[in-house]
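Asks: Using the sequences plus the hints, can you model the full thing?
Every letter in the sequence shown is one number past the one before it in our numbering, and letter 25, counting from 1, is 25.
Hints were generated in silico from the structure; no laboratory data involved. Even glycine gets a Cβ: it sits at the ideal position worked out from N, Cα and C. Relax, there's no trap hidden among the hints.
Below, computed lysine-lysine pairings styled on BS3-like, alpha-carbon distance capped at 30 Å:
1) Lys-93 to Lys-144
2) Lys-357 to Lys-206
3) Lys-254 to Lys-37
4) Lys-127 to Lys-254
5) Lys-99 to Lys-379
6) Lys-115 to Lys-144
7) Lys-254 to Lys-206
8) Lys-37 to Lys-127
9) Lys-37 to Lys-354
10) Lys-254 to Lys-151
11) Lys-254 to Lys-354
12) Lys-127 to Lys-151
13) Lys-144 to Lys-127
14) Lys-115 to Lys-151
15) Lys-99 to Lys-115
16) Lys-254 to Lys-357
17) Lys-206 to Lys-144
18) Lys-115 to Lys-127
19) Lys-387 to Lys-93
20) Lys-37 to Lys-206
21) Lys-93 to Lys-115
22) Lys-151 to Lys-206
23) Lys-37 to Lys-357
24) Lys-127 to Lys-93
25) Lys-99 to Lys-387
Ranges of calculated distance between the beta carbons of each label pair, as one might list FRET restraints:
26) Glu-44 to Gln-251: 19 to 27 Å
27) Val-97 to Gly-153: 35 to 43 Å
28) Gln-121 to Glu-46: 22 to 30 Å
29) Ala-95 to Arg-7: 49 to 57 Å
30) Val-97 to Asn-26: 49 to 57 Å
31) Pro-307 to Pro-368: 37 to 45 Å
32) Gln-332 to Pro-24: 21 to 29 Å
33) Gln-251 to Val-97: 50 to 58 Å
34) Glu-199 to Pro-89: 40 to 48 Å
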Amino acid sequence: METQIGRGKTARRAYGIDEIALVPGNRTLDPNLADTKWRIGNIEREIPIIASAMDGVVDVRMAVLLSNLGALGVLNLEGIQTRYADPEPILDKIASVGKEEFVPLMQELYAESIKPELIEQRIREIKQQGGIAAVSATPAGASKYGAVVAKAGADLFFVQATVVSTAHLSPESIVPLDLAQFCQEMPIPVVLGNCVTYEVTLDLMKAGAAAVLVGIGPGAACTSRGVLGVGVPQATAIADCAAARDDYYQQTGKYIPVIADGGLITGGDICKCIACGADGVMIGSPFARASEAPGRGYHWGMATPSPVLPRGTRIRVGTTGTLEQILVGPAQLDDGTHNLLGALKTSMGTLGAKNLKEMQQVEVVIAPSLLTEGKVYQKAQQLGMGK
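Replies: Here it is in structure tokens:
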């Protein structure tokens, strides 16, 4: 149903993850029987959670640890790790400055050139330690460094921007990346994003995407929605893009995963994304809180260092536990930010979903009071869901 904004302008109501809830069905399941396995490209993972390609979240060590735990981490090829041979003092500097100095410092640090030899080196370091080498670049970076990534033997290539489409108009002096040609020529699976609509999702799948990232602006450190006014709340965006995936599968027999990217903090957020149709999720700030994360308790958006229009900020997330505690437990916190896999399995058990496909079919209701109903004491005392 559309609502009239004013004469000549109507709008469709869209919903965020905080506005919905999942409804138990007529059966339950022991959480140990819940199967959370999924595939992206030719890679199968036990945990449908990907760590975002952000400098405060994933470095070589984190990529290897995430792989060992059954998940996946993506390394940003246009960040600190590929600009500096020794990124540690740079990361120390980013964590040490005040709010006013932060953006100018980031613009200065990210002005250092990207070094192709460091791209190769980081990929080799991940592979040599038995990790899955998933890497990310903007469309311009993909065009420039795609051959280097392929030569180095990466396993997955994420082509990411605030919005990615197959119908990009550029000045005559600039040749835009042909996504279909890039996907066809790369010897490894290519994940494309981000998008929030049925039509663009379908276009990206037709172009050869191995998976599609869904989400514009919901990330904890992202300010795109404030700076640009662009975005669609995640619950609606996921459902729309998942519908494109299902239609594409019916037409071609090819199943292309949809990955919810951004704005997810707790296990409940992840569960609701999958219930809306996602096959997996990409998260940043929850992993930035790991003691092993490179951000020193900070998290910042990928577009923060833009020299002309920064669309991200640095947020203090703190350090709450090890990566293992955050991902698979045992949980040390009661607010849903630890043991994300356990939360997913327990939710699936409560809903009677044996696997992710069944989880995508559970009943969803509009529930704007879900996070506040009956939580007066938690809110007043800043405990649990009231933190």
